[in-house]
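J.: Below, each chain spelled out in residue letters.
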Amino acid sequence: MGITLQEIVFYVVAAAIMVCSILSVTTGKILRAATYLLFVLFGTGAIYGILGYTFLGAVQLMVYAGGIVVLYVFSILLTQSDKNMKYKIGKAKLVSVLLTTLIGAALVLFLVFTNGFALNMIPQGEELPAREIGLDLIGTGKYQYVLPFEVVGVLLLACMIGGILIARKNKEEEEK
Amino acid sequence: MNQSFLDYYNLQPLFMAIHSALCSVMPEGLAIFLEGLVVGVIILVLYAVLAIVLIYMERKVCAAFQCRIGPNRVGGKGGLLQVPADVLKILTKEIIELKNSDHFLYNLAPFLVILASILTFSCLPWNKGGEILHMNIGIFFVLAASSIGVLGILLAGWSSNSKYTIIGAVRSGAMIISYELSIGLTVLTMVMMSGTMDIQEIVTSQANGWNIFKGHIVAIAAFIIYLIAGNAEANRGPFDLAEAEQELTAGYHTEYSGMHFGFFYLAEYLNLFITAGIATTLFLGGWMPFHIAGLDGFNAVMDYIPGVIWFVGKTFFIVFLLMWIRWTFPRLRIDQVLTLEWKYLMPASLLVLLLMTICKVFGLVF
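Protein sequences appear in the order of chains V and R.
Taken in order, the first sequence gives residues 1 to 176; the numbers are from my numbering.
Taken in order, the second sequence gives residues 1001 to 1366; the numbers are from my numbering.
So that you can see chain V by itself, here it is in the shape it has in the complex:
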């Protein structure tokens, strides 16, 4: 057997991700683009699943598929921007886009082939338990992350206050 079931599933998912990513930038309708993006994110979640890291897979589903894409769709619905977006692309733009893509692809390939695959660095078999992740996240020792955790928490709080400040009704204006 040259090819295992896991590899077959990986190739199917990878192909689906590629097709959907291309479709999500070439489609003319903004809501369809969001839907294809959703499929790409599903595929990424599935790849984490294949790697046996279900925690990250579930986070991927929760944060991106269930959070960000819902937010996109919601804002598209509320702003009613469902007009067709097929723009004419000029020659200069096309050339620069192709050039950027090529450079990007070359960079990624260079990094992949010079650094080798991370396959042998990941401990195989047992999945990292969620308890350990949680303890590391709020630990203060070496390789533990309480400071970034708190900083992100404060950042989110600031974002929330900012959002409320923008969204809330002005009482004085309402009385007039």
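Hints in this document: simulated from the structure, not taken from any laboratory.
Check before you lean on any hint, since a few could be wrong.
Okay, derived cross-link-like pairs now, DSSO-like style, lysine-lysine, Cα gap no bigger than 27 Å in a straight line [said to hold, decoys possible]:
| hint | chain 1 | residue 1 | chain 2 | residue 2 |
| --- | --- | --- | --- | --- |
| 1 | R | K1343 | V | K169 |
| 2 | R | K1099 | V | K29 |
| 3 | R | K1214 | R | K1360 |
| 4 | R | K1060 | R | K1089 |
| 5 | R | K1099 | R | K1089 |
| 6 | R | K1060 | R | K1077 |
| 7 | V | K29 | V | K88 |
| 8 | R | K1093 | R | K1060 |
| 9 | R | K1060 | V | K29 |
Here are the simulated distance ranges between beta carbons [unchecked claim]:
| hint | chain 1 | residue 1 | chain 2 | residue 2 | range |
| --- | --- | --- | --- | --- | --- |
| 10 | V | P148 | R | F1329 | 56 to 66 Å |
| 11 | V | V108 | R | N1161 | 32 to 42 Å |
| 12 | V | L5 | R | V1087 | 31 to 41 Å |
| 13 | V | V12 | R | F1015 | 17 to 27 Å |
| 14 | V | V12 | R | E1094 | 51 to 61 Å |
| 15 | R | P1027 | V | S21 | 51 to 61 Å |
As the structure is a prediction and not an experimental result, all values here were calculated from the model.
Where a beta carbon is used, it is the ideal one built from N, C-alpha and C, also for glycine.
Chain R: place on chain V using the hints.
T.: Positioned in the frame of chain V, the structure of chain R alone reads:
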């Protein structure tokens, strides 16, 4: 404490035997593929059968609360064949195509809703060794997968190209996103109490007493918050303003016909079952038998009832509670729904989380 009763109906040895028997005649990859296929078919059949049972139950319960008899003509005295007949009828209906709508998204939306529903459905712990999707973050995966459903609802509302559907979809979206917070916080409370996110381990940790008894007042408060938020999450009355027959025809699925409508309908009933099943898992001990401390004879009899019967029985009990709520309370307005969540339920569930932390730290849970 002697816990040998947990192994009376353990299904794992059986599945292991089947797996090794298959592996002896074919390569392992093919065996896993075939097993996956069979399990998938079993999930779908179970899903359809449960939906039929639940719809029949809903009609009977609704009739009882409205002092009616309910279906009683088709299939003998109790109208038992009414719902199967309805299923056959809906299967023969044409699936209509709308003008001026996005066909791709229109056809995709019911599948997204049903995908979320089936993914969460396969995480339910039916019996010892009887879980279908088993991962060490099971309950978190349930929360994650159930958040896909709202996308299907939003897309359905938008792509139907009608004002009723879009109002229904936006209402439903706002409501589901809000109530996910309460659900997440109460689930977190119970995860903290059991100390694990693995669904099977949450159930096993309740071998010496269900969480609702072990966590006393705090767990009961979390249970009530979970039931309210779960009802909203399943889009059922008094939170059915996404559909609101009197105002919006049928809300986000107004323009759907045939089996596409059937998918939304199926998902609605199965989401009810899943909400109840997760509540059973978290609070009522999943497939654990009912024990009273001291009554050894009684406990021994309870142990001989298979786990799957306990699980289904408890789940249907909670389904009944939710139906009771649905047919007793009038519908809320959208502003009342959002006020209830943001001003009362979410602060309350944060408080419950805090109380549970205090109880856990000082050893006040049993």
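J.: Now, for every hint given, state plainly whether the structure supports it.
T.: A quick look at each hint next to the structure:
1. For a cut-off of 27 Å, the pair hint linking K1343(R) to K169(V) stands: about 17 Å separates their Cα positions.
2. Between the alpha carbons of K1099(R) and K29(V) the distance comes to roughly 17 Å, so the proposed pair stays at or under 27 Å and holds.
3. For the given pair, K1214(R) sits about 11 Å from K1360(R) by alpha-carbon distance, which is consistent with the 27 Å threshold.
4. A C-alpha spacing of about 20 Å is found between K1060(R) and K1089(R), which places the hinted pair at or below 27 Å, so the restraint holds.
5. For the given pair, K1099(R) sits about 25 Å from K1089(R) by alpha-carbon distance, which is consistent with the 27 Å threshold.
6. A C-alpha spacing of about 13 Å is found between K1060(R) and K1077(R), which places the hinted pair at or below 27 Å, so the restraint holds.
7. With a C-alpha separation of about 15 Å, the suggested pairing of K29(V) with K88(V) holds against the 27 Å cut-off.
8. Between the alpha carbons of K1093(R) and K1060(R) the distance comes to roughly 25 Å, so the proposed pair stays at or under 27 Å and holds.
9. For the suggested pair K1060(R) and K29(V), the alpha carbons sit about 45 Å apart, so the restraint of at most 27 Å is broken.
10. Distance hint for P148(V) and F1329(R): a CB-CB separation of about 45 Å, inconsistent with the stated range 56 to 66 Å.
11. Between V108(V) and N1161(R) the CB atoms are about 41 Å apart, so this pair conforms to the stated range of 32 to 42 Å.
12. Under the hint 31 to 41 Å, the C-beta atoms of L5(V) and V1087(R), about 35 Å apart, fit the expected range.
13. For the hinted restraint 17 to 27 Å between V12(V) and F1015(R), the CB-CB distance of approximately 26 Å keeps it satisfied.
14. About 33 Å separates the C-beta atoms of V12(V) and E1094(R), a value inconsistent with the hinted range of 51 to 61 Å.
15. Range check, P1027(R) to S21(V): Cβ separation about 33 Å, and the 51 to 61 Å hint is violated.
The earlier numbered hints that this structure contradicts are 9, 10, 14, 15.
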